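2 protein chains.
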Amino acid sequence: MALKEIVVMLGPAGSGKTTLAASLGKWIERKQMIRVGYVNLDPGVRKLPYKPHVDVRKYVTVDEVMDRYGLGPNGALIMSVDMAAQHKDEVAEAVKRLPYPYIIVDTPGQMELFLFREAGPAFIEALRGAGFPVAALIYDPSSLVKPEDIVGLKLLAMTTQFRLGVDAVPVLNKADLLGEDGRIPVLLEDSEQLRRELLRSEGVYAEVAEKILAVLDEYKLATRIPRISALNGSGLEELYDMLHEIYCSCGDLT
Amino acid sequence: MALKEIVVMLGPAGSGKTTLAASLGKWIERKQMIRVGYVNLDPGVRKLPYKPHVDVRKYVTVDEVMDRYGLGPNGALIMSVDMAAQHKDEVAEAVKRLPYPYIIVDTPGQMELFLFREAGPAFIEALRGAGFPVAALIYDPSSLVKPEDIVGLKLLAMTTQFRLGVDAVPVLNKADLLGEDGRIPVLLEDSEQLRRELLRSEGVYAEVAEKILAVLDEYKLATRIPRISALNGSGLEELYDMLHEIYCSCGDLT
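Residue numbers (this note's numbering), protein chains in the order written: chain S, 1 to 254; chain H, 1 to 254.
Simulated from the structure, these hints should not be mistaken for lab results. Incorrect hints may appear among the rest.
No copy labels: a pair is met if it fits in one copy or bridges any two.
[Claimed, not checked] DSSO-like mimics (lysine-lysine), calculated; alpha carbons at most 30 Å apart, straight line: (1) K47 with K96; (2) K47 with K26; (3) K146 with K211; (4) K96 with K4; (5) K146 with K47; (6) K4 with K146; (7) K96 with K146; (8) K4 with K211; (9) K211 with K26; (10) K96 with K51; (11) K26 with K4; (12) K47 with K211; (13) K58 with K211; (14) K26 with K146; (15) K58 with K96; (16) K31 with K146; (17) K4 with K47; (18) K211 with K31; (19) K4 with K58; (20) K96 with K211; (21) K47 with K31.
These numbers were taken from a predicted model, which means no experiment stands behind them.
So that you can see chain S by itself, here it is in the shape it has in the complex (with noise of 0.2 Å):
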């Protein structure tokens, strides 16, 4: 079998990485006939849209260790994100003997316990052995208001490239919040227009904002951002192409 297609769902908390990781499984699943192997590494979630092969949860939950342990949410999702990661080569290997070509593997709710702490490289690291990660980077639209806030986005784009060593696709999920307002769309793609707006502010970092965009410019960030709609489901083959290409043009050659 051909190296394992790994989609690694990640995007800060609330983004909707979760709800993305089904439908774009489904999505998958109907329209390009690949089975899809759900992996779950989200010790702190509750209830789950699809049903997952490998499930962290059976090492550790949250709920067991703030019982256990008598601490309080944040406490508890700390240490079990980074007690989860202690199983990271039983999960690998479980990924490994998936009968499955594409793998989603859901990440936990607060995405810097993973970007952050251990658990993300480690887990991305023993992943490797399994198959090719990609990682989906998730942001919702209401948090973009801002000329700098797209900076941000992209900033974190580059950071999680950096922690990880895999190549991230932003995606703008909840498409449906951007309504008529078609300006944070442009913005996210044309860094003409983004180093005009930013220039134009009267921010304190204007002065260096165009030395950033030069750099995110060679970076090469995807310069598509796929919109993902729940409403239509529109912006998933978009997003699953830019996934594939990369997959395609790196994958192979590990």
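Once you've looked at the hints, dock chain H against the given chain S.
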């Protein structure tokens, strides 16, 4: 009274924001003879090592939200931080009325709820009506292993500055964990050495690393990075001085 000096404690979950809020505050009261007001913006914290003068738990707590809405810890954390932000003006007003010149603001355990959603920008904006906010970006050195991790930290500092519009001083907490390993502190402060190690590493991103570093240099992130030891309180003076320097160079002008 002069413009209040407001220090906002930021950092990924588990980096030690709350503990450092308490120890920095105590140090300032004892060594600088300045009275400190404490503000807690974390609706999820159960016990605090300081007595908050303004506390967002007056309006909302994670435990209440879990009970009332039947949410798990993840969902309840997101919702409660969003709900807390609706009280930003009352919080800022209460801070303004505090008879203390120095204010330490503790933020939600999960930084992304503050940084990547509405709460952070909203609270910071409101607090500008009460004083001059500067951020301490607290980092746990156990997340710093590879040269790429340090770029991740610097990108996070830049992202923080962009999202919140405040200057951020990176702080290495739990410096005792560094032990005898002098490599990480050197790489943090010596961008030439960091550049050399990045280029030597086999990572996919070595080629763009240099350009990113050039921007980070340009961006004039703090070149000194205070290292805090909880054991003997070292680093607190350096941190205080650096925050105060920013306040003095910008605070008086606004």
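ask   = Going through the earlier hints one by one, which of them does the structure break, listed in rising order?
value = Violated: hints 5, 8, 9, 12, 13, 14, 16, 18 and 20.
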